[in-house]
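Chains as they are written, first to last, in the numbering used here: chain A, 802 to 1181; chain B, 2 to 396.
None of these hints come from the bench; they were simulated from the model. From a predicted model like this one, the values you see are computed outputs, not experimental measurements. Treat the hints with care, since some could be wrong.
Stated by the list, open to error - In silico SDA-like links for lysine to any residue, alpha-carbon gap of 25 Å or less:
id: 1; chain 1: B; residue 1: K286; chain 2: A; residue 2: T1151
id: 2; chain 1: B; residue 1: K256; chain 2: A; residue 2: P1103
id: 3; chain 1: A; residue 1: K1059; chain 2: B; residue 2: Q385
id: 4; chain 1: A; residue 1: K1059; chain 2: B; residue 2: Q393
id: 5; chain 1: B; residue 1: K286; chain 2: A; residue 2: H934
id: 6; chain 1: B; residue 1: K391; chain 2: A; residue 2: D1052
id: 7; chain 1: A; residue 1: K1059; chain 2: B; residue 2: A392
id: 8; chain 1: B; residue 1: K256; chain 2: A; residue 2: P1102
id: 9; chain 1: B; residue 1: K374; chain 2: A; residue 2: A1073
id: 10; chain 1: A; residue 1: K1142; chain 2: B; residue 2: Q393
id: 11; chain 1: B; residue 1: K256; chain 2: A; residue 2: D1161
id: 12; chain 1: B; residue 1: K239; chain 2: A; residue 2: S1070
id: 13; chain 1: B; residue 1: K391; chain 2: A; residue 2: R1061
id: 14; chain 1: B; residue 1: K391; chain 2: A; residue 2: F1064
id: 15; chain 1: A; residue 1: K1059; chain 2: B; residue 2: I384
id: 16; chain 1: B; residue 1: K286; chain 2: A; residue 2: D1159
id: 17; chain 1: B; residue 1: K256; chain 2: A; residue 2: Q1105
id: 18; chain 1: B; residue 1: K256; chain 2: A; residue 2: D1080
The residues making up each chain are set out below.
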Amino acid sequence: MDFEYSDEQRLLRESVARFITDRYDFEGRLRAMQAPEGWSRDAWSDMADLGLLGLPFSEEDGGFGGGGVETMIVMEELGRGLVLEPYLSTVVLAGGAIRHAASAGQKQARIPRIAAGELLMALAHQEPGGLRHGPDAGSSAERRSDGWVLTGRKIAVLHGATAEEFVVSARTNAGLSLFLVSASAPGVRVIPQRGYDGIPVAEVVLDEVATGNESLLGEDGGGAAVLERVFEEANAALTAEAVGIMADTLDVTVDYLKTRQQFGVPIGSFQALQHRCVDMLIQVEQSRSMAILAALSLSQPPAQRCLNIAAAKVQIGRGGRFVGQQAVQLHGAIGITAEYKVGHAFKRLTAIDALFGDADHHLDQLVAAGGIPPGNRGSN
Amino acid sequence: MNLDFTDEELAFRDEVRAFLAQSLPDDLRRKMIDRRHLEKDDIVRWQRILNARGWATPNWPVEHGGQPWSPAQRYIFQEEMALAHAPEGSPFNVNMIGPIIAKFGTDAQKARFLARIANIDDWWCQGFSEPGAGSDLASLKTRADRDGDEYVINGQKIWTTQAQHADWMFALVRTDSSGRKQQGITFLLIDMNTPGITVRPIETIDGGHDANEVFFDDVRVPVENRIGEEGRGWDYAKHLLGNERSGIARIGLSKERLAQLRRLEVELSADGRLTAGERDRLRRKLAEVEVELRALELTQLRVVAADAGEGGAGAAASILKIKGTELQQRMTELAIELAGPAGLAMPEEEESGAALEDGWIAAAAPFYFSMRKVSIFGGSNEIQKNIIAKAQLGL
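Looking at chain B on its own, in the form it has when it is part of the complex:
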């Protein structure tokens, strides 16, 4: 039993570090440090740099551009990316639709889409949730009626992240209402330029416009854009949600944020901007977060080791999302507390150019409000607890 990385793993870490030091553009790094909003172009630019190195889609099958990395290497890669302040790629492209097409797509679909997904030549969004189908996703009602070689889509999706940028959507639609609600769901790839699609933005409490409603009015989708079999979409969607055990807790991101909070504590104390009592309480809060983060990091590593067949604990994976999101949110809470009344003024839409002094203050509130979503999307933490209670505790 040991927790040290092997020499090979350490060499890999150095290789990743060197690449990031050389290739991550300074302006992107600065934006990440200041928690400023990333534009579509920012994400595309970075994705293409990674793609040129062959590292844009490491979790994909090797024959489709993935890397033959061990779970430990994947963990190291994600941690180094976060510690270097590198943006994460589009989760919809890299973690969701890419692996689905690679596993369940036809040869024609693979040839048509995969390379473009990896390079973000196409920007993808996810059409799952509906006004009446959130946690109870399988009750979705958007209809797809077969008409010759096409499906005709009618209905509405909601909370569709970055649909305003999207060239394509992968969506769950209902093709049959007669059986159990999980049956009769079909997985379709929809060109967002098809007539009959309307995207309407939803303003969220962080002041952002990343969420959208998407309306379908007699939208015609060729049958060749269906993934797998008609009526089996639920199975494919479940596969997608089981992906990414090595990164779900976002340990690297939380470590980086904790380090930033520690630096702030030192700077603010030195500048006389905290009373002694405030400073002591802040230090205790930071220590408390660090203990939990340390424990979660070890839990994550146990899961990584289990996935590599080196002992560990596969079952512990179930707690990673819950605890990981709680810690991410806790970091943002501490930042907005620190910002105090100076954090009330919302940042301007576009703050290009040199980084603001105290940029973290302007970013604290939007970041705090925005991060409430992480315990809601992808199966709320309460849904996660239902799943764990049933699957792991047998309740």
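Okay, chain A solo, but in the shape it has when bound:
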């Protein structure tokens, strides 16, 4: 049992932390949010230069062979900066589907370009009128002699408007399957929207989109298993991002309580507020513990992996809501202004709970399994 980072992991952490401190201040983030795309291409290219975009891909595929702990390190630091760029959508979600399901040729055409910051992708899975989360979809993919024809409507596609290519889930005769669909293919319509957390989303309409045989990602009917895996990785990543946000938000709040004067004293001298901060600290530490568990679980057998990550998502769903709400409350009116950081942190924490199964959803997973299995806790 040890909780130390390796030398390489420590360097990774330092370099991402330095990127956030030196080149991703909150004012710059606000400017990027107001730009047409809603995020910064310069920052994206910085992240490519740092090697972050190829991190989780294997070295033979053109990546750096990082595992769960490396992604945790990156996501926590990106969380501290409330980073807007499409790391989750391109690297974790679409990239994850490619890692788990793509053929050698499909990988070769994409992973080096992703790692270089040249290819933006997005996962188009969620649908209107469906469950809030699950590995199923109502969109259809019909077999034709020369490929497939996809029809359906997707919502909440993270960074959908700037994606060059989508990973689309659709039902074939064999079951849920995944397809690689170019954003410029005839019949694809992308409607950009703003996410409340600053992350751009899009609605993607597929109107009899004809794709070639090579568009099938993984096995026909094998989509659900791939998505389950990708969602686990995404939830582990979001757990780490939430820890970075929560820890930073607690720091910002405690600093504010030390400087804000009322009744002639810093308001941090009031016990009611002090105790609230300690309650926030408890949630930060508990969440950090679960982020570590989630990251290390990714290399565990499925049952354990899935339930550990579900438990982590419950913790950060509940803990993130508490920290976000209390940070706003302790700041008073300044906390609800758009120019101040805590409100943005609160909104991002709210979105993180909503994505890929909220706390209640994952609690139900634990209930159905009758608890978290004992045994190995996971290692990396």
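Place chain B on chain A using the hints.
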């Protein structure tokens, strides 16, 4: 980074498990499972079995009978003890006065007391709180006036756990009122058989008689029974409260209680004693507790690793007591909910012999009411938050 125990640690766990399976008396185990009150003799008997194995005082310095265990081994030992339903030893003997004498005592005090403490030849109690000195402990007023080679004690202690059994008390007394209130406090060892001491029981809401008032009326204590220097008792007491980071969250106990609640849920559901709605809500509550307990276990392990110099997070130790006690209390809440009206009847004073069927029902209420104390003693959770806000957040 990894969370797995090493092969050596796993071998140690097996050794502890085997010992507990062989050495823990069945009647004690049964009492623990049923949450029945342990008598003094029960605790003494088990302590002596542990002591014979050399495991009664693992947290003491090795030269005084401690074990050279790593923080991970201590954690494993505590967890296995709890999972096996083994009683905890007397905290006053093992975790409090033993380490204090080992660190601050004279050679004569070590020779006189330590082996007897480990074997509970002497039963110790703690004389800290007073009617006017609870959370504000340093305002204590029990006086110790020097008279030749003796101190003369006058005053009163309260909430003194198991003083009715005690042969000795370690106490904080005031030897000087002129300076800051933390100064002028002296740490004394008091023989409970000394004339002038009166112990009066306090009945608590769980129906128990573990708490007491202790009155001192011209009680004479030899100066040789003072720990360290006169007026420095507060420093020694603070050292004592900082002990035991590896066990403060009581993870093993809470795990064992959660497992029992899960078994009950299955049994009661099978017997048709829960409606479908009750069963579903109970299952969700159990899952919620399990998430928090899992997180706290990892937090505890991060602290254990930090103490062993393997990364981790020493600062996280501060939250262990608060969250650990909240979870212990939550388990007892769930048990009393499950017991329902059947749990109203208080258990008889002595239920010896075979375990009652549904023994958990009779124990649920006393256990629930009794466990309210864990967030109050040893520095209430509100005091803990004051300390964390100041020391860790700089507020």
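For each hint, the structure was consulted:
1. B/K286 with A/T1151: Holds, because 23 Å separates the two Cα atoms, which is no more than 25 Å.
2. B/K256 with A/P1103: holds (23 Å)
3. A/K1059 with B/Q385: holds (20 Å)
4. A/K1059 with B/Q393: holds (13 Å)
5. B/K286 with A/H934: Satisfied, since the Cα-Cα distance of roughly 22 Å is no more than 25 Å.
6. B/K391 with A/D1052: holds (14 Å)
7. A/K1059 with B/A392: holds (14 Å)
8. B/K256 with A/P1102: holds (23 Å)
9. B/K374 with A/A1073: Between B/K374 and A/A1073 the Cα gap is close to 22 Å, so the pair holds against 25 Å.
10. A/K1142 with B/Q393: holds (23 Å)
11. B/K256 with A/D1161: Satisfied, since the Cα-Cα distance of roughly 22 Å is no more than 25 Å.
12. B/K239 with A/S1070: The hint holds at about 24 Å.
13. B/K391 with A/R1061: Holds - the C-alpha atoms of A/R1061 and B/K391 are around 17 Å apart, at most 25 Å.
14. B/K391 with A/F1064: holds (20 Å)
15. A/K1059 with B/I384: Distance ~20 Å between A/K1059 and B/I384 Cα, so the pair holds.
16. B/K286 with A/D1159: holds (17 Å)
17. B/K256 with A/Q1105: Measuring from Cα to Cα gives roughly 18 Å; hence the hint holds.
18. B/K256 with A/D1080: holds (23 Å)
Of the hints listed earlier, there is not a single one the structure fails to meet.
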